[in-house]
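> Listed below, chain by chain, are the residues.
There are 2 protein chains.
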Amino acid sequence: MGVCDMAEREYRCKVKVFDVTTGQNIVLLNKEQAVEEDIYISDRVIIKHGDVEVTCIVDLSNVLVKNDEIGVFQESAEKLGVKPGDEVIICHAQHPVSVDYIKKKMDGKELTAEEINTIIKEAVENRLSDVELASLMTTMYIRELSIDETVALTNAVVATGSQLNLNRHPILDKHCSGGVAGNRTTMVVVPIIAAAGLYIPKTSSRSITSASGTADTMEVLANVQFGIDEMKEIVYKHHGCIVWGGAINLATVDDKLIKIRHPLRLDPKGVLLASILGKKKSVGAEYVVIDIPVGRGSKIENVEDAKALAKDFINVGSRLGMHIECFISDGSDPIGEGIGPALECADVLKVLQNDGPTDLRDKSLQIAGELLELCGKVPKGAGFDMAADILRSGKAFEKMKGIIEAQGGDPKITPETLPIGTKRHEVIADKDGRVQHVDNRLINKIARAAGAPKDHGSGVLLHCEHGDKVTKGDILFEIIAEHESKLEFAVKSLETMNPIELERVIIGKFAGNGYFSKY
Amino acid sequence: MGVCDMAEREYRCKVKVFDVTTGQNIVLLNKEQAVEEDIYISDRVIIKHGDVEVTCIVDLSNVLVKNDEIGVFQESAEKLGVKPGDEVIICHAQHPVSVDYIKKKMDGKELTAEEINTIIKEAVENRLSDVELASLMTTMYIRELSIDETVALTNAVVATGSQLNLNRHPILDKHCSGGVAGNRTTMVVVPIIAAAGLYIPKTSSRSITSASGTADTMEVLANVQFGIDEMKEIVYKHHGCIVWGGAINLATVDDKLIKIRHPLRLDPKGVLLASILGKKKSVGAEYVVIDIPVGRGSKIENVEDAKALAKDFINVGSRLGMHIECFISDGSDPIGEGIGPALECADVLKVLQNDGPTDLRDKSLQIAGELLELCGKVPKGAGFDMAADILRSGKAFEKMKGIIEAQGGDPKITPETLPIGTKRHEVIADKDGRVQHVDNRLINKIARAAGAPKDHGSGVLLHCEHGDKVTKGDILFEIIAEHESKLEFAVKSLETMNPIELERVIIGKFAGNGYFSKY
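As they're listed, the protein sequences go chains A and B.
Going by my numbering, the first sequence runs without a break in its numbering and finishes at 525.
Going by my numbering, the second sequence runs without a break in its numbering and finishes at 525.
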């Protein structure tokens with residue numbers, strides 16, 4: 007895997023194995039001995055054991071490893087096939103060639119597809135340190151990837167993971183760029199499309215910072231962790247599924263990049279495009295609708311940015327053989343009433359039974375309708391009506407029950423039998439007014455404080471939405487929790503967070519004495 | 007030190023201490039428990055123990071730490087004042103504000119002095135992870151710092167370390183941007199300037215990738231590790247010193263940045279300027295001559311880059327109250343004959359005794375002369391002669407003996423009594439020719455393979471220099487080592503490295519049959 011630096015010496019050490027998960031190949035060397043051998047912290051060494059060679063990043067210790075000992079962390083121990091006491095050879099490693107390519111991009115030059123492939127390959131093989139990956143992400147953020155580079159990155163991402171190879175057509179898919187609480191359209195769109203006889207092998211993500219991801223919400227109704235062959239089985243039988251993408255390993259490199267993106271809070275556009283489109287490509291999607299919510303408190307705050315992103319999705323998608331259409335939707339406020347896994351399930355089941363929040367219903371029908379038109383199932387303009395017919399007929403609900411059962415859940419579940427938390431706290435309007443804003447980010451925080459997504463039954467139940475008139479004493483929302491202590495914690499968080507803003511006609515009074523007083 | 011994220015819970019763990027030096031505050035949390043608490047790898051947590059709070063980066067393990075245990079690494083354990091078994095409180099931490107400032111710079115906006123101060127302060131307090139520091143370095147490389155930003159960075163760097171506060175004037179200093187093997191002008195310039203009655207409190211660095219740094223070479227003659235008060239003492243008495251900057255702690259933040267610069271091989275100009283000028287500022291330097299070697303195999307390859315760098319040094323220096331002049335010198339070939347600590351000492355001692363390599367002598371006199379003119383000691387044009395007079399008179403040699411003695415060395419040492427290795431290998435010219443190039447990088451590699459700088463007596467002794475005519479059978483250079491095995495290793499490295507290029511008048515023959523044959 008690595009190339010020893012020819013001008014450097016080798017030395018031998020006995021292995022100590024440490025069960026520490028670092029996400030990189032890290033070895034611990036004795037500090038004094040390392041200095042003797044001209045090896046410094048964060049340097050790269052090649053560890054050889056028999057025919058196996060693994061490039062590792064150096065960490066130093068004085069006590070954990072003694073002279074002639076090497077501490078090998080679990081991941082590297084497995085790769086090397088070593089057990090405690092085995093002898094390994096250590097030699098200086100050259101920098102991986104990716105470091106040169108990252109530098110090239112820093113200097114403003116465009117990378118070739120081959121260079122991008124090499125970077126992704128070396129990242130997947132754990133040959134790049136966190137420091138190098140951080141540098142890569144920063145570079146890709148500042149020096150935006152071109153369309154060519156993004157296409158190459160997407161192909162590289164696809165090549166690192168499994169592929170579904172369904173051999174059926176047409177294959178449809180949807181995606182939402184996220185940030186809107188309660189936005190569970192996937193769980194309405196998938197059964198509609200599948201009920202229309204088209205294929206929609208949907209993989210979804212779990213929450214990172216939100217109250218729930220689609221995979222978390224679906225998990226209340228059924229299992230979501232399946233291997234690629236099981237997923238195929240379900241899709242062949244039911245035309246659709248809603249499973250957790252993380253279990254399928256569609257884009258291995260993604261985990262590595264997310265690890266860096268998360269602490270840096272960086273989402274370079276090229277990486278975002280490649281990560282999303284790579285997963286679509288891996289399931290063989292041919293027609294994809296992407297929902298880009300825009301607005302205050304949403305991930306993307308202005309329409310111009312959303313338009314530019316949409317254009318890139320469409321361009322890169324077309325280069326990858328996918329027909330993509332993008333919705334730019336209003337993302338200022340949550341969708342539906344429940345925020346949190348089981349509460350969101352209640353909204354979804356109600357919509358599938360032709361009840362429930364109209365915003366979730368309408369948005370789902372728009373997306374499903376667009377997909378039906380995009381793949382040519384119905385003429386332009388007839389998609390929404392066909393989707394609405396399928397929903398109204400109960401066929402979508404039947405299909406959802408089939409999928410739930412295929413994924414090991416109970417198809418007889420109803421909104422009433424969902425495991426929703428019993429500890430409740432009502433938040434009351436302290437004045438009259440009109441709801442001007444329901445903050446996605448704060449609602450998510452409160453729902454998380456109450457235990458979501460881990461506690462499936464916890465979250466927030468909204469009693470009002472943007473534009474509603476409320477009277478002092480009305481319930482604005484309820485905090486719902488499985489555990490009393492978490493409920494208390496969430497209630498306490500309200501001291502610093504006000505997720506619902508009420509607009510007042512008179513904001514304040516500027517008095518004759520020169521003082522301004524808030525109403 | 008940190009701010010807990012208000013919406014997050016706290017939990018308690020018992021401490022296990024691990025003696026691992028990571029250069030960051032890292033804690034090990036039990037993997038399953040961390041997931042329960044919504045904490046992921048690379049997240050930031052605040053550890054509280056009594057009144058002390060330390061922000062740490064999370065690593066995960068299943069076996070090293072059990073449920074309700076936390077692994078604290080040595081550095082953080084000291085800060086927290088915890089011992090094994092102590093209970094600490096863990097809570098989610100907000101991102102340090104520096105992350106926002108780094109992002110601001112990524113987006114192409116200029117940072118204020120206060121923002122730069124905060125970044126450096128948080129870096130010194132170990133509140134920034136390697137990932138964040140890597141992102142910072144990459145950003146400063148791509149989005150070059152303005153002069154204002156560089157001045158602010160230099161001031162921030164100075165504020166993080168100790169300061170000499172000599173209260174004497176004028177204070178002179180020199181610096182070389184490096185890359186040239188054997189370039190030990192400091193050890194000739196310092197005694198000349200000190201003998202002229204001026205102050206030159208010189209701190210030097212150790213080798214990172216070269217065969218020797220000035221601190222390594224001086225260490226053959228005397229101690230180089232002194233605290234700031236000891237350094238002051240020596241300078242008050244002898245007007246000069248040559249000590250290792252790393253022991254003085256003039257710019258604490260530098261170590262952190264070098265740790266990142268090394269693996270990324272990045273040297274953002276603003277960081278380079280701040281690191282060098284920060285150290286000059288910390289010793290109170292008023293007049294500084296900077297040598298910028300340029301040429302093939304040198305750090306800076308073309309004169310235009312060197313000119314731009316010189317201009318920046320002068321501008322930033324003037325904003326910091328320092329008068330700076332820069333030499334752009336020929337850095338294509340090594341200076342002096344010996345490469346490696348003791349071998350370089352031999353050159354220096356010979357020059358101080360009016361013998362030895364003329365290139366080392368002349369360059370040192372030029373730098374010393376420029377310093378004498380810059381501080382107004384002599385009129386423009388008279389510096390070189392004054393420096394040469396001091397050298398010729400033996401006063402510089404006497405001064406050097408005084409400094410060696412003050413730094414705990416033996417002032418009676420001679421080139422003959424230096425501890426030079428006894429294992430030798432001669433490299434012979436295999437053809438006639440003229441020396442066209444002596445490669446700094448390869449000579450350094452061979453000297454390091456032979457044991458330098460750790461083995462003081464090892465290195466390379468050049469028998470020829472650029473422009474020399476050599477005859478087949480002449481000695482080109484000797485490899486010198488303290489240990490036979492390292493000599494063998496260095497000799498073996500010659501199989502892939504040819505550090506001395508001989509030019510031939512006829513390069514090859516293009517024969518009538520269409521074949522080209524090399525001579």
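Please note that a few of the clues may not be correct.
The list treats identical chains as one, so a pair stands whether inside a single copy or across any two.
Taking lysine to aspartate or glutamate pairs in the DMTMM-like style, the calculated list, with each CA pair at most 25 Å apart, reads [stated by the list, open to error]: (1) LYS89 <-> GLU411; (2) LYS460 <-> GLU509; (3) LYS460 <-> ASP44; (4) LYS429 <-> GLU42; (5) LYS127 <-> ASP154; (6) LYS407 <-> GLU507; (7) LYS275 <-> ASP92; (8) LYS498 <-> GLU42.
The hints are simulated quantities; they were obtained by calculation from the structure and are not laboratory data.
> Using 25 Å as the alpha carbon limit, work out where LYS275 and ASP92 are close: within a copy, between copies, both or neither.
Answer is neither; intra-copy 45 Å and inter-copy 45 Å both fail.
> From the Cα coordinates, with 25 Å as the cut-off, is the pair LYS460 and GLU509 best called within, between, both, or neither?
Classified as neither; 34 Å inside a copy, 73 Å across copies.
> Treating 25 Å as the Cα threshold, decide for LYS407 and GLU507: within, between, both or neither.
For LYS407 and GLU507, neither the intra-copy (38 Å) nor the inter-copy (78 Å) Cα distance is at most 25 Å.
> Are the CA atoms of LYS429 and GLU42 at most 25 Å apart within a copy, between copies, both, or neither?
between (62 Å within a copy, 20 Å between copies)
> One pair to classify: LYS127 and ASP154, alpha carbons no more than 25 Å apart. Within, between, both, or neither?
Result: close within a single copy only, 18 Å intra versus 41 Å inter.
> Treating 25 Å as the Cα threshold, decide for LYS498 and GLU42: within, between, both or neither.
Only across copies: LYS498 and GLU42 sit 20 Å apart there, 55 Å inside one copy, limit 25 Å.
> Is it within, between, both or neither when you check LYS89 against GLU411 at 25 Å Cα-Cα?
neither (44 Å within a copy, 53 Å between copies)
> Is it within a copy, between copies, both, or neither that the alpha carbon of LYS460 lies no farther than 25 Å from that of ASP44?
Classified as between: cross-chain Cα gap 9 Å, same-chain 47 Å, threshold 25 Å.
Checked against the numbered hints above, the structure breaks hints 1, 2, 6 and 7 and satisfies the rest.
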